[in-house]
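Novice: So the chains spell out like this:
2 protein chains.
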Amino acid sequence: MRQQEYAIGIDIGGTNTVFGIVDHRGDISYRGAISTRKHKDVADYIEELAGALAPAIDQVGGINGIRGIGIGAPNGNYYKGTIEYAPNLPWKGLIPLQQLMNEKFGVPCSLTNDANAAAVGEMMYGVARGMRDFIMITLGTGVGSGIVANGQLIYGHDGFAGELGHTTIIPGGRLHKGTGLRGSLESYASATGVALTALEFLDRDPKRDSLLRNFAKEEIDSRIVYDCAIQGDEIAKEVYEFTGEVLGLSLANFVMFSSPEAIILFGGMTKAGDLILKPTREHMEKNLLPIFQNKVQLLFSELREADAAILGASALVWEAKTDKVV
Amino acid sequence: MRQQEYAIGIDIGGTNTVFGIVDHRGDISYRGAISTRKHKDVADYIEELAGALAPAIDQVGGINGIRGIGIGAPNGNYYKGTIEYAPNLPWKGLIPLQQLMNEKFGVPCSLTNDANAAAVGEMMYGVARGMRDFIMITLGTGVGSGIVANGQLIYGHDGFAGELGHTTIIPGGRLHKGTGLRGSLESYASATGVALTALEFLDRDPKRDSLLRNFAKEEIDSRIVYDCAIQGDEIAKEVYEFTGEVLGLSLANFVMFSSPEAIILFGGMTKAGDLILKPTREHMEKNLLPIFQNKVQLLFSELREADAAILGASALVWEAKTDKVV
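Taken in order, these protein sequences are the chains called A and B.
Its first residue numbered 1, the first sequence is counted upward by one per residue in the UniProt record's numbering.
Its first residue numbered 1, the second sequence is counted upward by one per residue in the UniProt record's numbering.
One chain only, chain A, in its complex shape (with noise of 0.2 Å):
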């Protein structure tokens, strides 16, 4: 009888990573995590990742059973196998990951960008099941997309597309510190923008009384604003509508190019449930061209956070790649 196979699925965010066996049914039997941000040197994280690995791979029956590893990760370069200039990760320049994993695994190893893992992992696992163009947007600390259309994931030219998060939205408008751009989805509608916002909004009407004046500002966080929304703070609950507004404006702007069935939000803003997905739908439908309105679902996506991203990883493992230029 032939062995079991099963596909190893590392997402690497910013702050750690986090890892699991999963089999041809996505059931992911192992999981575990390591930091990423205290590795300075790549060699290291992939020496501390291969002993973290190293008792769920014999758990499985041993590397002979693992078909491949698949990798999300920020900036990372499916045609190329590289994370590329990853302003987020302590790994700077071009970073040929791919080549260094199969050299330590000696097993095929796939990598493309976090939110594009997520939207495969959404694909076959999750609430896009069965779906053939849909994007999936996911709010955390940053805003990240991928974009499935035809049933693929659009990767573009050079294995980069999906950055919707980067997309102009108010021009002229907030200073992403990050990235030196202006006015950027992601500079409004992330945690990071929500806090922004709402110290923006303190700032803007100093005698208003409001619940989140008895945070200190540098603690003002999107949960926080959250905890006051649903305590009934009017400058929070703004903070709320504002967010949608800008949110849902850009996601009509992205129904208008791909014409998807569905908009999956994923992420830790999506805890905000209604008062982030009120606003959104609203403003989404009203700067649509009427040939989309109430066409497009928008639904949170129903995988845990963690899980999407492995899931979505390990599913590279199953994919061929027909086209991919080396």
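No wet-lab data here; the hints were simulated from the structure.
Remember, it's a predicted structure, so these values are computed and weren't measured experimentally.
Yeah, the Cβ is synthetic: ideal placement off N, Cα and C, and Gly gets one too.
Treat the hints with caution; some may be incorrect.
Claimed, not checked - Keeping only pairs whose Cα atoms sit at most 27 Å apart, straight-line, the calculated DSS-like set for lysine-lysine is:
#, chain 1, residue 1, chain 2, residue 2
1, B, K92, A, K295
2, A, K237, A, K271
3, A, K286, B, K177
4, B, K286, B, K217
5, A, K295, B, K80
6, B, K38, A, K80
7, A, K80, A, K92
What the hints assert, rightly or not - Distance windows between CB atoms, simulated:
#, chain 1, residue 1, chain 2, residue 2, range
8, A, E5, B, G151, 25 to 35 Å
9, A, L100, B, R223, 54 to 64 Å
10, A, G273, B, G180, 24 to 34 Å
11, B, K271, A, I230, 40 to 50 Å
Stated by the list, open to error - So these bits of chain B aren't anywhere near chain A, every CB distance computed over 10 Å:
#, residue
12, K38
13, K40
14, A56
15, N88
16, K104
17, R132
18, T141
19, G162
20, H166
21, S210
22, A216
23, E218
24, G273
Position chain B against the provided structure of chain A, taking the given hints into account.
Specialist: For chain B alone, kept in the frame of chain A given last:
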């Protein structure tokens, strides 16, 4: 010997309809045109079209030599074969054009929107030959677009993808009278938009000299603005500078969506050459993330405008529609 096969390519514009008989190599052996605008009833329109096509069909050996008819039309729905609520056409509501044409001509008929047809023409016979990822932007009376990713035209879930002219680039900006939306790309980067910008710039600075003041306001169009700009008129040059700024910013957003190898500009506005190309390129580059900079070719189409639309429409005939939903 098997009879040579031909396709009929038809491009339906708001004013006129142009058509041609096209062979496999893209040679157009017959060209003709009828008025679109004068036919309030689509049945009358098809009647005149059939009359105008009859001698062309005879010339290539009769209807048995016609493999099919491909049509590009505003709001043409590829999946359903319908024209849906096209604001610039004389026929209101939902027009089952594919079915009506099938019945009239007795050969298979395919329909897509005019900008998608032009993109297919460009991919088969123009500067996009061999490209798998590009975006075509039509800068005419309006702004249309066709998006190719992974070598396929992006139709989206319901066949309407690629309405980039209607994406918002300046929230709360100029009102588009046709759509009611504010600040869309089309309201600035179309020929109509250029004329409106010129009028705004003249009004904003009523004492400033300009060659444009030699013309009545209702007379000013993008051609006059162009003529004044090449004569060195400062306001006219600023109009193109501003148009390029808005267009370039939009193109940066599109690049971060699908990461194309090239953006191909097409249509009457491209006659302005470097006047429009230079500011567009400059503002596209400066609004891109570094990973996208200096990678995307910004090209003018080399096909004659009417030819691209006819060729693209005819190309629909040779393409198999395997995933069509009727």
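Novice: Does each hint fit the structure? Answer for all of them.
Specialist: Going down the list of hints, with the structure as the test:
1. Of the pairs offered as hints, the one joining K92(B) and K295(A) holds, with about 21 Å between alpha carbons and a cut-off of 27 Å not exceeded.
2. Between K237(A) and K271(A) the CA atoms are separated by roughly 14 Å; this keeps the pair inside 27 Å, and the hint holds.
3. Straight-line distance between C-alpha atoms of K286(A) and K177(B) comes to about 15 Å, which keeps the hinted pair within the 27 Å bound.
4. Between K286(B) and K217(B) the alpha-carbon distance is near 34 Å, which puts this suggested pair outside the 27 Å criterion.
5. Of the pairs offered as hints, the one joining K295(A) and K80(B) holds, with about 16 Å between alpha carbons and a cut-off of 27 Å not exceeded.
6. Between K38(B) and K80(A), the direct Cα distance comes to roughly 55 Å. Violation of the 27 Å bound is thereby established for this hinted pair.
7. A distance of roughly 17 Å separates the Cα atoms of K80(A) and K92(A); the hinted pair therefore holds under the 27 Å criterion.
8. In this structure, E5(A) and G151(B) meet the distance hint of 25 to 35 Å, their C-beta atoms being roughly 31 Å apart.
9. In this structure, L100(A) and R223(B) meet the distance hint of 54 to 64 Å, their C-beta atoms being roughly 58 Å apart.
10. One distance hint, 24 to 34 Å for the beta-carbon pair G273(A) and G180(B), holds here, with the actual separation near 31 Å.
11. Under the hint 40 to 50 Å, the C-beta atoms of K271(B) and I230(A), about 57 Å apart, miss the expected range.
12. The beta carbon of K38(B) is kept farther than 10 Å from every beta carbon of chain A, the shortest such distance being approximately 26 Å.
13. With a least CB separation of 22 Å from chain A, K40(B) remains clear of the 10 Å interface cut-off, as annotated.
14. In this structure A56(B) is separated from chain A by more than 10 Å, as the shortest Cβ-Cβ distance comes to about 33 Å.
15. Distance to chain A confirms N88(B) as a non-interface residue, since its nearest Cβ pair spans about 13 Å, more than 10 Å.
16. Residue placement check: K104(B) keeps its beta carbon more than 10 Å from all beta carbons of chain A (closest about 26 Å).
17. Taking the minimum C-beta to C-beta distance to chain A, about 7 Å, the non-interface status of R132(B) is violated against the 10 Å cut.
18. With a minimum CB-CB distance of about 17 Å to chain A, T141(B) clears the 10 Å threshold, and the non-interface call stands.
19. Residue placement check: G162(B) does not keep its beta carbon more than 10 Å from all beta carbons of chain A (closest about 7 Å).
20. With a least CB separation of 5 Å from chain A, H166(B) falls inside the 10 Å interface cut-off, contrary to its annotation.
21. With a closest Cβ-Cβ approach of about 26 Å to chain A, S210(B) is found to remain outside the 10 Å limit, as its non-interface label requires.
22. The beta carbon of A216(B) is kept farther than 10 Å from every beta carbon of chain A, the shortest such distance being approximately 32 Å.
23. Listed as a non-interface residue, E218(B) keeps its Cβ farther than 10 Å from every Cβ of chain A; the least gap is roughly 28 Å.
24. Annotated as non-interface, G273(B) keeps its C-beta farther than 10 Å from every C-beta of chain A; the closest such distance is 25 Å.
Of the numbered hints listed earlier, those contradicted by the structure are 4, 6, 11, 17, 19 and 20.
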